[in-house]
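Protein chains: 2
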Amino acid sequence: MDKITKRADDYSQWYLDIIEAADLAQYGPVKGTMIIKPYGYAIWENIQKLLDKKIKDTGHQNMYFPLLIPKSFLSKEASHVEGFAKECAVVTHYRLKNDSTGKIVIDEKAKLEEELIIRPTSETIINNSFSQWIKSWRDLPILINQWANVMRWEMRTRPFLRTSEFLWQEGHTAHLSEKEAEKEARKMLKVYVDLVENKLAMSVVAGKKSDSEKFAGALYTYTIEAMMQDGKALQSATSHNLGQNFAKAFDIKFLDKENNFQYVWQTSWGMSTRIIGGLIMTHSDDLGLVLPPAIAPIKVVVVPILKNGEDNSKVLAFVKKLKLGVKEVEIDSRENLSAGAKYNQWEKKGVPIRLEVGPREIENNSVVLVRRDKNTKEKVQIGSLAKIIKVILQDMQENLHKKAKEFREKNTKTVDSWDEFKKEIEANNFVLAHWSGEKEVEEKIKKETNATIRCLPFDHKKEKGSCVYSKRPSQGRVLFAKAY
Amino acid sequence: MDKITKRADDYSQWYLDIIEAADLAQYGPVKGTMIIKPYGYAIWENIQKLLDKKIKDTGHQNMYFPLLIPKSFLSKEASHVEGFAKECAVVTHYRLKNDSTGKIVIDEKAKLEEELIIRPTSETIINNSFSQWIKSWRDLPILINQWANVMRWEMRTRPFLRTSEFLWQEGHTAHLSEKEAEKEARKMLKVYVDLVENKLAMSVVAGKKSDSEKFAGALYTYTIEAMMQDGKALQSATSHNLGQNFAKAFDIKFLDKENNFQYVWQTSWGMSTRIIGGLIMTHSDDLGLVLPPAIAPIKVVVVPILKNGEDNSKVLAFVKKLKLGVKEVEIDSRENLSAGAKYNQWEKKGVPIRLEVGPREIENNSVVLVRRDKNTKEKVQIGSLAKIIKVILQDMQENLHKKAKEFREKNTKTVDSWDEFKKEIEANNFVLAHWSGEKEVEEKIKKETNATIRCLPFDHKKEKGSCVYSKRPSQGRVLFAKAY
Numbered sequence: 053m054d055k056i057t058k059r060a061d062d063y064s065q066w067y068l069d070i071i072e073a074a075d076l077a078q079y080g081p082v083k084g085t086m087i088i089k090p091y092g093y094a095i096w097e098n099i100q101k102l103l104d105k106k107i108k109d110t111g112h113q114n115m116y117f118p119l120l121i122p123k124s125f126l127s128k129e130a131s132h133v134e135g136f137a138k139e140c141a142v143v144t145h146y147r148l149k150n151d152s153t154g155k156i157v158i159d160e161k162a163k164l165e166e167e168l169i170i171r172p173t174s175e176t177i178i179n180n181s182f183s184q185w186i187k188s189w190r191d192l193p194i195l196i197n198q199w200a201n202v203m204r205w206e207m208r209t210r211p212f213l214r215t216s217e218f219l220w221q222e223g224h225t226a227h228l229s230e231k232e233a234e235k236e237a238r239k240m241l242k243v244y245v246d247l248v249e250n251k252l253a254m255s256v257v258a259g260k261k262s263d264s265e266k267f268a269g270a271l272y273t274y275t276i277e278a279m280m281q282d283g284k285a286l287q288s289a290t291s292h293n294l295g296q297n298f299a300k301a302f303d304i305k306f307l308d309k310e311n312n313f314q315y316v317w318q319t320s321w322g323m324s325t326r327i328i329g330g331l332i333m334t335h336s337d338d339l340g341l342v343l344p345p346a347i348a349p350i351k352v353v354v355v356p357i358l359k360n361g362e363d364n365s366k367v368l369a370f371v372k373k374l375k376l377g378v379k380e381v382e383i384d385s386r387e388n389l390s391a392g393a394k395y396n397q398w399e400k401k402g403v404p405i406r407l408e409v410g411p412r413e414i415e416n417n418s419v420v421l422v423r424r425d426k427n428t429k430e431k432v433q434i435g436s437l438a439k440i441i442k443v444i445l446q447d448m449q450e451n452l453h454k455k456a457k458e459f460r461e462k463n464t465k466t467v468d469s470w471d472e473f474k475k476e477i478e479a480n481n482f483v484l485a486h487w488s489g490e491k492e493v494e495e496k497i498k499k500e501t502n503a504t505i506r507c508l509p510f511d512h513k514k515e516k517g518s519c520v521y522s523k524r525p526s527q528g529r530v531l532f533a534k535a536y
Numbered sequence: 053m054d055k056i057t058k059r060a061d062d063y064s065q066w067y068l069d070i071i072e073a074a075d076l077a078q079y080g081p082v083k084g085t086m087i088i089k090p091y092g093y094a095i096w097e098n099i100q101k102l103l104d105k106k107i108k109d110t111g112h113q114n115m116y117f118p119l120l121i122p123k124s125f126l127s128k129e130a131s132h133v134e135g136f137a138k139e140c141a142v143v144t145h146y147r148l149k150n151d152s153t154g155k156i157v158i159d160e161k162a163k164l165e166e167e168l169i170i171r172p173t174s175e176t177i178i179n180n181s182f183s184q185w186i187k188s189w190r191d192l193p194i195l196i197n198q199w200a201n202v203m204r205w206e207m208r209t210r211p212f213l214r215t216s217e218f219l220w221q222e223g224h225t226a227h228l229s230e231k232e233a234e235k236e237a238r239k240m241l242k243v244y245v246d247l248v249e250n251k252l253a254m255s256v257v258a259g260k261k262s263d264s265e266k267f268a269g270a271l272y273t274y275t276i277e278a279m280m281q282d283g284k285a286l287q288s289a290t291s292h293n294l295g296q297n298f299a300k301a302f303d304i305k306f307l308d309k310e311n312n313f314q315y316v317w318q319t320s321w322g323m324s325t326r327i328i329g330g331l332i333m334t335h336s337d338d339l340g341l342v343l344p345p346a347i348a349p350i351k352v353v354v355v356p357i358l359k360n361g362e363d364n365s366k367v368l369a370f371v372k373k374l375k376l377g378v379k380e381v382e383i384d385s386r387e388n389l390s391a392g393a394k395y396n397q398w399e400k401k402g403v404p405i406r407l408e409v410g411p412r413e414i415e416n417n418s419v420v421l422v423r424r425d426k427n428t429k430e431k432v433q434i435g436s437l438a439k440i441i442k443v444i445l446q447d448m449q450e451n452l453h454k455k456a457k458e459f460r461e462k463n464t465k466t467v468d469s470w471d472e473f474k475k476e477i478e479a480n481n482f483v484l485a486h487w488s489g490e491k492e493v494e495e496k497i498k499k500e501t502n503a504t505i506r507c508l509p510f511d512h513k514k515e516k517g518s519c520v521y522s523k524r525p526s527q528g529r530v531l532f533a534k535a536y
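As they're listed, the protein sequences go chains A and B. The letter at position 60 of the first sequence is residue 112 when you use my numbering, and the numbering goes up by one with no holes. The letter at position 66 of the second sequence is residue 118 when you use my numbering, and the numbering goes up by one with no holes.
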């Protein structure tokens, strides 16, 4: 690719350009699908490793449920089927054959009695098992998670942000009491907050979804909402208190200590490859991808300045001996590519630190160190290199987080009039405003401004006011924004 | 489950009983699918961790390709479509709807123009991308791998061994030359041998498949074949030299150093959750699962002997302070379950070492140590516990491997007459016999005895002889067996 479009010129194109320039992913041959390329997948593996540890440390076990779900399962929970049936890939046959002309066609004899759905999410198939496994209060809680691919048919797709197939983890739990389920749903949201803030260096608003925005089948949905550089919100992970909705639909009952049958209380929670879209759009700049060190597949790239057709053994020996104090290092000793072209490539890939080493540096026992977030250059003596790299990586991690937080705060406006509301939403800000709590009002606001309620923030004050749209009484401000 | 069927009584039922007793997996709601339960999945995660490291250490990168493959892709390589079209799950629609009675039905308006196949393996979709990515010799080699679920419709299924959906890794590579591809295919088979012998403690014969048994689309297929305790062979992993078959079908060409277009040379290789079936059937006994320490999710279980209704704090404090020297430890302090019942459960789960601790042990500053492979008990002073555990785990790993190797060798017969051949195959042995190299002969032998050629072993001597069936000339002995 030649040049990355500037954010100010065309934000959407900038996003696609970053993905191409950093070689993270590309569209697959089937509309709406995505091929995750090695560098993009390495980022996902780093996220997986960190999140998987947190999930296990909070007492959950991984397991694996089948990809295909009987159609009838989907319709057991009324609001769930409404939410998912409309975007399902349906398997109807299990064999192909050659027709008389030799073409490959469906073998009509191999038609399934009941159609199967590729999982859009696994509540139905997992709760079908829970109903077999749970008999007594002694079987509770059940705390499980799976890493899997899921599919929701999408017409308008964008790499990472919205693809028909995506990768994710989905946690599913069953509890003795409403209180325990609520505690679990909130605990897992905190796990996401911790990962996203402290490792991905993003900044989010945590809160509760309004009824119209909650998960199909949930009692409450908790969410974390990040602000992208165009001011739009990205839902970055969700955690649902499912109440007893699925328990009743799938008849998941246990005998309590007093020998009475009770329905279990449940949660589910997930984070997907979508977060990589959020990561890209939070930190990157007009030069390319920017990655927080904690998640970067390569933390330091060393570029020895090689002379074409000359003996480069001295510089190559020098860079190999450098003590960098980090494991994730790439030494780029490719020939037939200028040092400048290499700088450019690694800049596009968002590697946190680049070391440039030529004959002059060797003479002075030094290297030139470039940090990606600020694009500053400094000369560093090799004796103090490991120490300085450690300090800079730490500083960069904090700096990126701080920048994201300040950006979100700066572009979050508290408004009280409808005119202000429209103006600030039009200007792509997050808006904190009073809302009457009525679904009809929420719908009208969405229709007029394209803004949705992202969440009822956890840190919102009980503060009486009147709805920015309807003027009817409100119990506190909620967060509105345009969203991905 | 009450009791595990004895191997001698009903081997197939024994296998199913082990899986249930150790709580590894169960059938899913759709015929042929499997739910991998936490303990079974933890074994898979351990295998993944070890194999993933080896795959990366040999220079491969992970990535992810879409689940759904356009039907037309499948038919591009002639023998590949023959091999896979007959067992494909086919997606024909992308939406459901409510019919007039409120039932959920397929929305016929949402019919796909071209049917999509759930990947049975990913050669076709990956090679479609390779044809876009590879332009010049500088782009080669491409060395990639993916961890994914795949689906092959199966009518007769058995947990782990044969399920319609299974989990695996599939490596796919493209090279400059035939020699390089051949080297890669053999290198990756060695990676599997190393994992299976040294970590899973299984014992395998490595070799080349006969033409009728090779992968659909391959030039050569290399395989490792393990012997199960019933004497049958289990193909445990395969590595294919694909030659230029897919390169020609998908038009994957590069410009060589002399500016000529050439087709690439390719390989693919995979190991799946099937290996867990092999692991179970290699080591387990009539008491339950037996796991080699290198792959066991729990290496040591500590069972404090608790008295109902008494103060057990002393014994609980004692077990918590034990220095075991391993991380994978479970302390089973459940109440309302006798120590004997716990011993039984952990025995069924194949935990390598069990420590029993009661008041008498505390008095003597000792524990009772039971090792799972030999079911021997010994008293160990707590001061030397960590050291002894280390030695026993090491010894158990070697002992299980030795046992598997000796079992396979003892039950491998070298025969020269057709009567002997039939007798030894009938008795469920591996048989080394001369074969004329003719496909028709291979087919007749299979028809008459149910034995297939498992491989032409790498270590086979060039040794002239006459075919055990046709009496025609043979260049060396090949390995016959009944197989899973």
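The set of hints was computed from the structure by calculation and includes no laboratory data. Please note that a few of the clues may not be correct.
To be verified - Okay, derived cross-link-like pairs now, DMTMM-like style, lysine to aspartate or glutamate, Cα gap no bigger than 25 Å in a straight line: (1) A:K400 to A:D447; (2) B:K161 to A:E139; (3) B:K108 to A:E380; (4) B:K155 to A:E134; (5) B:K138 to A:E408; (6) B:K105 to A:D151; (7) A:K108 to B:D384; (8) B:K442 to B:D363; (9) B:K284 to B:E472; (10) A:K55 to A:E387; (11) A:K155 to B:E139; (12) B:K128 to A:E139; (13) B:K138 to A:D159; (14) B:K439 to B:D363; (15) B:K394 to A:D308; (16) B:K375 to B:E450; (17) A:K394 to B:E450; (18) A:K161 to B:E206; (19) A:K474 to A:D61; (20) B:K498 to B:D468; (21) B:K284 to B:E206; (22) A:K394 to A:E408.
As the list claims (entries may be wrong) - Quick look at which bits of chain A chain B covers, simulated, 3 or more residues with Cβ under 8 Å: (23) 163 to 171; (24) 176 to 187; (25) 200 to 211; (26) 285 to 291; (27) 334 to 348.
Unchecked claim - Just a few of them, taken from the derived set where beta-carbon distance is under 10 Å, the chain B residues facing chain A: (28) Y93; (29) M115; (30) L148; (31) L164; (32) L368; (33) F370; (34) W470.
In this text, a Cβ means the ideal position worked out from N, Cα and C, and glycines have one as well.
Hints and how they fare:
{"no.": "1", "hint": "A:K400 to A:D447", "in the structure": "21 Å, holds"}
{"no.": "2", "hint": "B:K161 to A:E139", "in the structure": "13 Å, holds"}
{"no.": "3", "hint": "B:K108 to A:E380", "in the structure": "14 Å, holds"}
{"no.": "4", "hint": "B:K155 to A:E134", "in the structure": "12 Å, holds"}
{"no.": "5", "hint": "B:K138 to A:E408", "in the structure": "56 Å, violated"}
{"no.": "6", "hint": "B:K105 to A:D151", "in the structure": "45 Å, violated"}
{"no.": "7", "hint": "A:K108 to B:D384", "in the structure": "18 Å, holds"}
{"no.": "8", "hint": "B:K442 to B:D363", "in the structure": "32 Å, violated"}
{"no.": "9", "hint": "B:K284 to B:E472", "in the structure": "17 Å, holds"}
{"no.": "10", "hint": "A:K55 to A:E387", "in the structure": "23 Å, holds"}
{"no.": "11", "hint": "A:K155 to B:E139", "in the structure": "17 Å, holds"}
{"no.": "12", "hint": "B:K128 to A:E139", "in the structure": "30 Å, violated"}
{"no.": "13", "hint": "B:K138 to A:D159", "in the structure": "9 Å, holds"}
{"no.": "14", "hint": "B:K439 to B:D363", "in the structure": "31 Å, violated"}
{"no.": "15", "hint": "B:K394 to A:D308", "in the structure": "24 Å, holds"}
{"no.": "16", "hint": "B:K375 to B:E450", "in the structure": "24 Å, holds"}
{"no.": "17", "hint": "A:K394 to B:E450", "in the structure": "49 Å, violated"}
{"no.": "18", "hint": "A:K161 to B:E206", "in the structure": "15 Å, holds"}
{"no.": "19", "hint": "A:K474 to A:D61", "in the structure": "23 Å, holds"}
{"no.": "20", "hint": "B:K498 to B:D468", "in the structure": "17 Å, holds"}
{"no.": "21", "hint": "B:K284 to B:E206", "in the structure": "20 Å, holds"}
{"no.": "22", "hint": "A:K394 to A:E408", "in the structure": "10 Å, holds"}
{"no.": "23", "hint": "163 to 171", "in the structure": "holds (count 4)"}
{"no.": "24", "hint": "176 to 187", "in the structure": "holds (count 3)"}
{"no.": "25", "hint": "200 to 211", "in the structure": "holds (count 4)"}
{"no.": "26", "hint": "285 to 291", "in the structure": "violated (count 0)"}
{"no.": "27", "hint": "334 to 348", "in the structure": "violated (count 0)"}
{"no.": "28", "hint": "Y93", "in the structure": "5 Å, holds"}
{"no.": "29", "hint": "M115", "in the structure": "5 Å, holds"}
{"no.": "30", "hint": "L148", "in the structure": "4 Å, holds"}
{"no.": "31", "hint": "L164", "in the structure": "9 Å, holds"}
{"no.": "32", "hint": "L368", "in the structure": "20 Å, violated"}
{"no.": "33", "hint": "F370", "in the structure": "25 Å, violated"}
{"no.": "34", "hint": "W470", "in the structure": "38 Å, violated"}
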